[in-house]
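Student: With the hints as your guide, set chains B and C onto chain A.
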Amino acid sequence: MNEFYQKDIISIKDFDKEKLEKIFTLTEKIMQLNPSERREICKGKTLGYLFYEPSTRTRLSFDSAMASIGGNSLGISNVASSSTQKGESLADTVRMISIYSDVLVLRHTLDGSSRFAAEVSDKPLINAGSGTEEHPTQAIQDLFTMKKEKKKIDGLKIGIVGDLKYGRTVYSLLHGLGNYDVDVRLISPESLRIRSDSTYEIKQKLDLTETTNIEEHLDELDVLYVTRIQKERFPDEEEYLKVKGSYVVGLDMLKRMKDDAIILHPLPRIDEISAEVDNTKNAKYFKQVEYGMHTRAALLGVTLNENGF
Amino acid sequence: MNEFYQKDIISIKDFDKEKLEKIFTLTEKIMQLNPSERREICKGKTLGYLFYEPSTRTRLSFDSAMASIGGNSLGISNVASSSTQKGESLADTVRMISIYSDVLVLRHTLDGSSRFAAEVSDKPLINAGSGTEEHPTQAIQDLFTMKKEKKKIDGLKIGIVGDLKYGRTVYSLLHGLGNYDVDVRLISPESLRIRSDSTYEIKQKLDLTETTNIEEHLDELDVLYVTRIQKERFPDEEEYLKVKGSYVVGLDMLKRMKDDAIILHPLPRIDEISAEVDNTKNAKYFKQVEYGMHTRAALLGVTLNENGF
Amino acid sequence: MNEFYQKDIISIKDFDKEKLEKIFTLTEKIMQLNPSERREICKGKTLGYLFYEPSTRTRLSFDSAMASIGGNSLGISNVASSSTQKGESLADTVRMISIYSDVLVLRHTLDGSSRFAAEVSDKPLINAGSGTEEHPTQAIQDLFTMKKEKKKIDGLKIGIVGDLKYGRTVYSLLHGLGNYDVDVRLISPESLRIRSDSTYEIKQKLDLTETTNIEEHLDELDVLYVTRIQKERFPDEEEYLKVKGSYVVGLDMLKRMKDDAIILHPLPRIDEISAEVDNTKNAKYFKQVEYGMHTRAALLGVTLNENGF
Numbered sequence: 024m025n026e027f028y029q030k031d032i033i034s035i036k037d038f039d040k041e042k043l044e045k046i047f048t049l050t051e052k053i054m055q056l057n058p059s060e061r062r063e064i065c066k067g068k069t070l071g072y073l074f075y076e077p078s079t080r081t082r083l084s085f086d087s088a089m090a091s092i093g094g095n096s097l098g099i100s101n102v103a104s105s106s107t108q109k110g111e112s113l114a115d116t117v118r119m120i121s122i123y124s125d126v127l128v129l130r131h132t133l134d135g136s137s138r139f140a141a142e143v144s145d146k147p148l149i150n151a152g153s154g155t156e157e158h159p160t161q162a163i164q165d166l167f168t169m170k171k172e173k174k175k176i177d178g179l180k181i182g183i184v185g186d187l188k189y190g191r192t193v194y195s196l197l198h199g200l201g202n203y204d205v206d207v208r209l210i211s212p213e214s215l216r217i218r219s220d221s222t223y224e225i226k227q228k229l230d231l232t233e234t235t236n237i238e239e240h241l242d243e244l245d246v247l248y249v250t251r252i253q254k255e256r257f258p259d260e261e262e263y264l265k266v267k268g269s270y271v272v273g274l275d276m277l278k279r280m281k282d283d284a285i286i287l288h289p290l291p292r293i294d295e296i297s298a299e300v301d302n303t304k305n306a307k308y309f310k311q312v313e314y315g316m317h318t319r320a321a322l323l324g325v326t327l328n329e330n331g332f
Numbered sequence: 024m025n026e027f028y029q030k031d032i033i034s035i036k037d038f039d040k041e042k043l044e045k046i047f048t049l050t051e052k053i054m055q056l057n058p059s060e061r062r063e064i065c066k067g068k069t070l071g072y073l074f075y076e077p078s079t080r081t082r083l084s085f086d087s088a089m090a091s092i093g094g095n096s097l098g099i100s101n102v103a104s105s106s107t108q109k110g111e112s113l114a115d116t117v118r119m120i121s122i123y124s125d126v127l128v129l130r131h132t133l134d135g136s137s138r139f140a141a142e143v144s145d146k147p148l149i150n151a152g153s154g155t156e157e158h159p160t161q162a163i164q165d166l167f168t169m170k171k172e173k174k175k176i177d178g179l180k181i182g183i184v185g186d187l188k189y190g191r192t193v194y195s196l197l198h199g200l201g202n203y204d205v206d207v208r209l210i211s212p213e214s215l216r217i218r219s220d221s222t223y224e225i226k227q228k229l230d231l232t233e234t235t236n237i238e239e240h241l242d243e244l245d246v247l248y249v250t251r252i253q254k255e256r257f258p259d260e261e262e263y264l265k266v267k268g269s270y271v272v273g274l275d276m277l278k279r280m281k282d283d284a285i286i287l288h289p290l291p292r293i294d295e296i297s298a299e300v301d302n303t304k305n306a307k308y309f310k311q312v313e314y315g316m317h318t319r320a321a322l323l324g325v326t327l328n329e330n331g332f
Numbered sequence: 024m025n026e027f028y029q030k031d032i033i034s035i036k037d038f039d040k041e042k043l044e045k046i047f048t049l050t051e052k053i054m055q056l057n058p059s060e061r062r063e064i065c066k067g068k069t070l071g072y073l074f075y076e077p078s079t080r081t082r083l084s085f086d087s088a089m090a091s092i093g094g095n096s097l098g099i100s101n102v103a104s105s106s107t108q109k110g111e112s113l114a115d116t117v118r119m120i121s122i123y124s125d126v127l128v129l130r131h132t133l134d135g136s137s138r139f140a141a142e143v144s145d146k147p148l149i150n151a152g153s154g155t156e157e158h159p160t161q162a163i164q165d166l167f168t169m170k171k172e173k174k175k176i177d178g179l180k181i182g183i184v185g186d187l188k189y190g191r192t193v194y195s196l197l198h199g200l201g202n203y204d205v206d207v208r209l210i211s212p213e214s215l216r217i218r219s220d221s222t223y224e225i226k227q228k229l230d231l232t233e234t235t236n237i238e239e240h241l242d243e244l245d246v247l248y249v250t251r252i253q254k255e256r257f258p259d260e261e262e263y264l265k266v267k268g269s270y271v272v273g274l275d276m277l278k279r280m281k282d283d284a285i286i287l288h289p290l291p292r293i294d295e296i297s298a299e300v301d302n303t304k305n306a307k308y309f310k311q312v313e314y315g316m317h318t319r320a321a322l323l324g325v326t327l328n329e330n331g332f
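Residue numbers (our numbering), protein chains in the order written: chain A, 24 to 332; chain B, 24 to 332; chain C, 24 to 332.
So that you can see chain A by itself, here it is in the shape it has in the complex:
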């Protein structure tokens, strides 16, 4: 029996290097199957989704992943606006959806929601983003993209730039990177530095440098992971515009980077990466989307098949 069978996927912290590498191997395998072989993996199985916080992007990634392995999806894409919202508890809604499906995908605003929901669900639960820090399938997608595009993760010099304070993606990614021997540069304005209370654990595992200056690091980076800076985070617009401008990734910046450095982004991208970068060989953020579908397909397949696939 495979170790992931019928297991919940709640936190990236539950994945050590060995587990991550197994998922990467399975993702490679799934990418090599032809479509009809691939559709046998979860043929006729049903994914039930429950999004308390709407996320079209994540939902479609799971939906397409499930379709690509022969399954189908149903559920509630926006609980707040659905008729479910008549005061029913999270527990009851989770129980209902878990009856209708083989695996449950939950997105929720609160920390701990997935752990709680997994306990009341009869079926394995996958956390599709919860609270301030957890987005395990995004982290797996990001790590797989690095591995696939750079042929390794150990030894990489990785810059993460933008809003590091808000945005669960960064926290999950850092916890995932904690399993590897990497050199991480956290680049952000002072006011959007990573929350120190959340990174105590990460700092014990990971070589982290914090800075506001992206310029000094550019020529050393193998990977530049860009995140969005939201205007709403700034008390005044002038400050926002100054910060935003200094971190925009364009061809100029690219020139100062290694020839084979890759640019990643969890998307949606607004203007923190210029469109002119899209057609360079360094731009891998759409590859990242594709790998996200494949890693999710691998996770669903391994969760729903006793003997793997």
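Errors might be hidden in some of the hints.
Stated by the list, open to error - Partner residues are not named here, just some residues of chain B that face chain C (Cβ under 8 Å, in silico): (1) 67; (2) 99; (3) 115; (4) 122.
Stated by the list, open to error - Here are the simulated DSS-like cross-link-like pairs (lysine-lysine), alpha carbons at most 30 Å apart as the crow flies: (5) C:30 <-> A:304; (6) C:174 <-> C:40; (7) B:66 <-> A:66.
The set of hints was computed from the structure by calculation and includes no laboratory data. All C-beta atoms, glycine included, are put in the ideal place defined by N, C-alpha and C.
Tutor: Positioned in the frame of chain A, the structure of chains B and C alone reads:
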């Protein structure tokens, strides 16, 4: 040819005991099939849904039922908010969806809507709740749950508690129970008693006792069917709180009931059943959800296969 | 290799008579297949839709077409109200959906949107309505309906009545008809005449008569294509009511037409065709819906299969 083939399912009143028992037998059969056998029943068939009154719960029950027998679903989950709503008539919308599908599932606020829609639809129509009284598939789900969990329906003592005035579920259930030899206790505040104009027919078939006092009946009941009491139904809040409090099903109440009594609820449940009841062997409201999926799968299967399944 | 394989469908202007006839032949073929043969055509393939302008009708037509040939659909039915709308560009959203699917279906308010989107999409793109003039699949559906019901298109006398100024359907239909030898009467109030700047091209290919008087043409028409007149288009209500009244198709009007004339309408119909017409042998607007599903299935099938089907 099976008698349900290509027939509409409009009203629970069209189901006599013999028909109900046939559906129960088919539901038992469908529950024993393995997933791949099951998916042959409506392989490649399409269910078209049309919800003029949104109901995520009922829609997902049909959707998952159809998926479990190999079919797919499409349609409009909220006509009011859809672009269909450009003044198009019910008849035209029904005709359109019926062209795209093999069976039509309609939810509508008005009495008689399903009968009307069935006449203009080329395809068999299933009423998923209409007007004040009709919700035939919910009644079949509820009856099957009693049969399955109590091994019989005849002879049962059944309490129905809560808001009996509004809520079509109760009316449909009573009409369904009219086919059996049961003893029914209707327990509600004065102001939420069942509408006497609607129950003339039911009273001729069914042994009904009306009361406001749940306590006197508890020790006799085999089934307690709980419904939600909505605050909006009460002119003042004090009255509401008094009523609500007296009907909450908790462990205390359970202790005064038969050891093997079962608690049902059409869901969503707010707080008329305490969470502490959920893990008792008496709580069958989530089983009821599961049986709802299976009874709907049986109904869809028998409607769409000339020689049954 | 078939000439439509992996090709975008952007404009009806890209379809000459030969291409249209090929699609019609394929539509005839698809209609003769039994359901399980039909489901082999796009088995396991995924249609990704992206509707910047909601259109339940068009979306369901594509969805059911894809289901009927064995594929599935996913996407965003209303971009404006989806979480995608965080300022992401059309290009990025198109790239994302194209990664998740084998063919992309786009509806957009702007002229040129489809051409632009097709350039950034990795997968073939089908325009499901854009800007003021383009709705190629609707035109193909309309032309196929004429061909199927009248056994030919060349030689037909076709009246198009209603709002000819707004509504992209009419423009696309006229461009499609430009490939045939037909006699077209454009019947509308003065203020809703077809835009002359848009019809320069059409007028070189097509014998067009413009009139406000429907009566004079009725007895000659083989096809009467009715479109909706929207109240909002008129500066004052009196004018609207006068115009509306004079173009309503009822049994009276039908009596003055050829016995075998057919009435078409892109739907939704409000009251420009009386319900009494629905059951006459002349009413073909629901047949038109059905043919729309089949023509779209043929288009999807031929786009996604190298050697056709």
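Student: Now tell me, hint by hint, if it's right for this structure.
Tutor: To see whether the hints hold, each was checked on the structure:
1. Using the Cβ-Cβ criterion of 8 Å, the hint placing residue 67 of chain B at the interface with chain C is satisfied: the shortest such distance is roughly 5 Å.
2. Interface restraint check for residue 99 of chain B: the shortest CB-CB distance to chain C comes to about 6 Å, inside 8 Å, so the restraint holds.
3. The interface hint given for residue 115 of chain B is met, as the beta carbon of that residue sits about 6 Å from the closest beta carbon of chain C, less than 8 Å.
4. Because the smallest distance between the Cβ of residue 122 of chain B and any Cβ of chain C comes to about 5 Å, under 8 Å, the interface hint for this residue holds.
5. At roughly 26 Å between alpha-carbon atoms, residue 30 of chain C and residue 304 of chain A fall within 30 Å of each other, so this suggested pair holds.
6. In summary, the hint linking residue 174 of chain C to residue 40 of chain C is supported, as the alpha carbons are separated by about 15 Å, within the 30 Å threshold.
7. Restraint check: the Cα-Cα separation between residue 66 of chain B and residue 66 of chain A comes to about 13 Å, which is no more than 30 Å; the hinted pair holds.
In summary, the structure agrees with every hint in the numbered list given earlier.
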